[in-house]
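Engineer: Produce the entire structure from the sequences given, and follow the hints as far as they go.
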Amino acid sequence: MSIQRIFIGYSISLIFGITLGLLIGRFKILDETVGSLITGLQVLPSICWLPLAILWFGLNEQAIQFVIIMGAFLSIAIATDSGIRNISPIYLRAAKTMGVRGMDLYVRVIFPAALPSIATGMKLGWSFAWRSLMAGELLFVSVGLGQLLQTGRELNDMAQVVAVMFLIAAVGLVFDRLIFAQFEKRLRRQWGTAN
Amino acid sequence: MILSIESVSKEFDAQAGKIKVLDEISIQIKAGEFVCLVGPSGCGKTTLLNIIAGLERSTGGQLHQNGKEITEPGSDRVVIFQEAALFPWLNVIQNVEFGLINRMEAKKRRKIARALLHLVHLGRFEKAYIHQLSGGMKSRVAIARALALNPSILLMDEPFAALDAQTRDILHEEIQAIWAQSKQTIIFVTHNVREAVRLGNRVFVFTARPGKIKKEFRIDLPRPRDINSEGVVMYAKLIQQELREEIEKFLKEEVDREWSLKKTDLLRPAGTDLGSGI
Chain A
1 MSIQRIFIGY SISLIFGITL GLLIGRFKIL DETVGSLITG LQVLPSICWL PLAILWFGLN
61 EQAIQFVIIM GAFLSIAIAT DSGIRNISPI YLRAAKTMGV RGMDLYVRVI FPAALPSIAT
121 GMKLGWSFAW RSLMAGELLF VSVGLGQLLQ TGRELNDMAQ VVAVMFLIAA VGLVFDRLIF
181 AQFEKRLRRQ WGTAN
Chain B
1 MILSIESVSK EFDAQAGKIK VLDEISIQIK AGEFVCLVGP SGCGKTTLLN IIAGLERSTG
61 GQLHQNGKEI TEPGSDRVVI FQEAALFPWL NVIQNVEFGL INRMEAKKRR KIARALLHLV
121 HLGRFEKAYI HQLSGGMKSR VAIARALALN PSILLMDEPF AALDAQTRDI LHEEIQAIWA
181 QSKQTIIFVT HNVREAVRLG NRVFVFTARP GKIKKEFRID LPRPRDINSE GVVMYAKLIQ
241 QELREEIEKF LKEEVDREWS LKKTDLLRPA GTDLGSGI
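Heads up: the sequence lines are chains A and B, in that order. Note that this note's numbering has the first sequence beginning at 1, numbered continuously upward. Note that this note's numbering has the second sequence beginning at 1, numbered continuously upward.
These are computed hints drawn from the structure, not numbers from a lab. This one's a predicted model, so the numbers in the text were calculated from it and none came from an experiment. Beta carbons: idealized from backbone N, C-alpha and C, even for Gly. You may find that some hints are simply not true.
[To be verified] Away from chain B, derived, C-beta distances all over 10 Å, residues of chain A:
{"hint": "1", "residue": "SER11"}
{"hint": "2", "residue": "ILE12"}
{"hint": "3", "residue": "LYS28"}
{"hint": "4", "residue": "SER36"}
{"hint": "5", "residue": "VAL43"}
{"hint": "6", "residue": "ARG85"}
{"hint": "7", "residue": "ARG153"}
{"hint": "8", "residue": "ALA170"}
[As the list claims (entries may be wrong)] Here are the in silico distance ranges between beta carbons for each label pair:
{"hint": "9", "chain 1": "B", "residue 1": "ASP169", "chain 2": "A", "residue 2": "TYR106", "range": "32 to 42 Å"}
{"hint": "10", "chain 1": "A", "residue 1": "ASP104", "chain 2": "B", "residue 2": "GLN181", "range": "23 to 33 Å"}
{"hint": "11", "chain 1": "A", "residue 1": "SER88", "chain 2": "B", "residue 2": "GLN15", "range": "19 to 29 Å"}
{"hint": "12", "chain 1": "B", "residue 1": "LYS252", "chain 2": "A", "residue 2": "ARG26", "range": "39 to 49 Å"}
Structural biologist: Listed below in structure tokens is the structure:
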């Protein structure tokens, strides 16, 4: 249950986060208006969105998804934005003299050039998403790892509590190793940034 | 005229008011010419190249390519930068194909890219990543990438400045060969006088800021030219003399009002060059 939730929530965060980051990085007006709002919201622990989510969506799946998305997508957006800001202008100039412009410039130059930074954001976003999900599941009853942890507390079952804690950490770690570490390694090999 | 530059000026806004970098530059370039621009640093030669490329706008004057005004960057005027500016997320052959992607199907562009990589002697490295290449190899890839677009004007902005002398020497030979073969129009910016003489048909010497054309030299030496051949050295000396004054002006402005370059003839015994300055 938890895994399914995080996949849905995380995928939505990725799409929103990267799109928003690309837009902020490119359009100054957006940066001046939404930019500081995003940084402000990122300071807010994502679980603080839960009361609002429950009022909006009720005690259901959407509320939990909402908390995951609010936890993850901002950090992805911020990383994407800073990635775009740090693109060496020489790449853009080179692409322009070769006649690349408009949407093509985004897809073929700006996005790949910002990818190392976006990857870092994705990794961060993943751990934020996982944390928010656990907090959400702890706070209101639904089937999932968080709820299992809560049941352990109610039953005074120390073994179950510790076991579930380990499991939560393990799941987070396994995904990190399997997906993000591999992805980063590939990028590093391409860019030649580290050994 | 493939390119006509008519009294082009450029001013930058700075805290202390406007700074004039280019002052009424006029150059006419015919197809197939190899034109070199030399000048002291800060004279605006790179700015002029950027204006030709369409990456910057001039603040006065007009530029026409084949009778059409230049307003934006285009693939008919490709720039090769000093830093090579290859894309690290693509491998060598993908870099060379970069400009062709929306123009032709995959097979055709791969064929063109392969041929160009062979031309620059990098056939074996098509799958390598950019960071695995040496500086000279990067320059070669950048040349291949620009040639792939078959631009009507090739703009080169000190492409070999960061290379060691031996590599540069070899690349000079190759670029001469490529030029002789393709008859590409090339505009080449450099601060290396011998490089300019070796490569160019026409060499324009710029003044210190604001950049004006101080003098034009026509280099009618046979090709391929050697960097140490008598003709190249002779022309280089002439140009160097012109440049020296400008460099002195530049240093006065940039470093110190009191600056003056030492007279070189003090270093030589007076007996050996009697009357040389007459």
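Engineer: A:SER11: least C-beta distance to chain B exceeds 10 Å?
Structural biologist: Label holds. Min Cβ-Cβ 23 Å, cutoff 10 Å.
Engineer: Do A:SER88 and B:GLN15 keep their Cβ atoms within the hinted range of 19 to 29 Å?
Structural biologist: holds, 26 Å
Engineer: Verify the CB-CB distance for B:LYS252 and A:ARG26 against the hinted window 39 to 49 Å.
Structural biologist: holds, 43 Å
Engineer: Are B:ASP169 and A:TYR106 spaced within 32 to 42 Å by their CB atoms?
Structural biologist: Distance hint for B:ASP169, A:TYR106 holds at roughly 41 Å.
Engineer: Per the hint of 23 to 33 Å, is the separation of the Cβ atoms of A:ASP104 and B:GLN181 within bounds?
Structural biologist: Between A:ASP104 and B:GLN181, where Cβ atoms are some 31 Å apart, the hint holds.
Engineer: Taking the minimum C-beta separation from A:ARG85 to chain B, is that value above 10 Å?
Structural biologist: Non-interface label on A:ARG85 holds, nearest chain B Cβ at 18 Å vs cutoff 10 Å.
Engineer: Confirm or reject the statement that A:ILE12 sits farther than 10 Å, beta carbon to beta carbon, from all of chain B.
Structural biologist: Given that every Cβ of chain B is farther than 10 Å from that of A:ILE12, nearest at about 26 Å, it holds.
Engineer: Examine each Cβ of chain B, and state whether all of them lie more than 10 Å from the Cβ of A:VAL43.
Structural biologist: holds, 33 Å
Engineer: Are all beta-carbon distances from A:SER36 to chain B longer than 10 Å?
Structural biologist: holds, 28 Å
Engineer: If I take the minimum Cβ distance from A:LYS28 to any residue of chain B, is it greater than 10 Å?
Structural biologist: Answer for A:LYS28: holds, closest chain B Cβ roughly 18 Å.
Engineer: Find the nearest Cβ of chain B to the Cβ of A:ALA170 and say whether that gap is larger than 10 Å.
Structural biologist: holds, 33 Å
Engineer: Report holds if the minimum CB distance from A:ARG153 to chain B is greater than 10 Å, and violated otherwise.
Structural biologist: holds, 48 Å
This entry satisfies every hint, going by the numbered hints stated previously.
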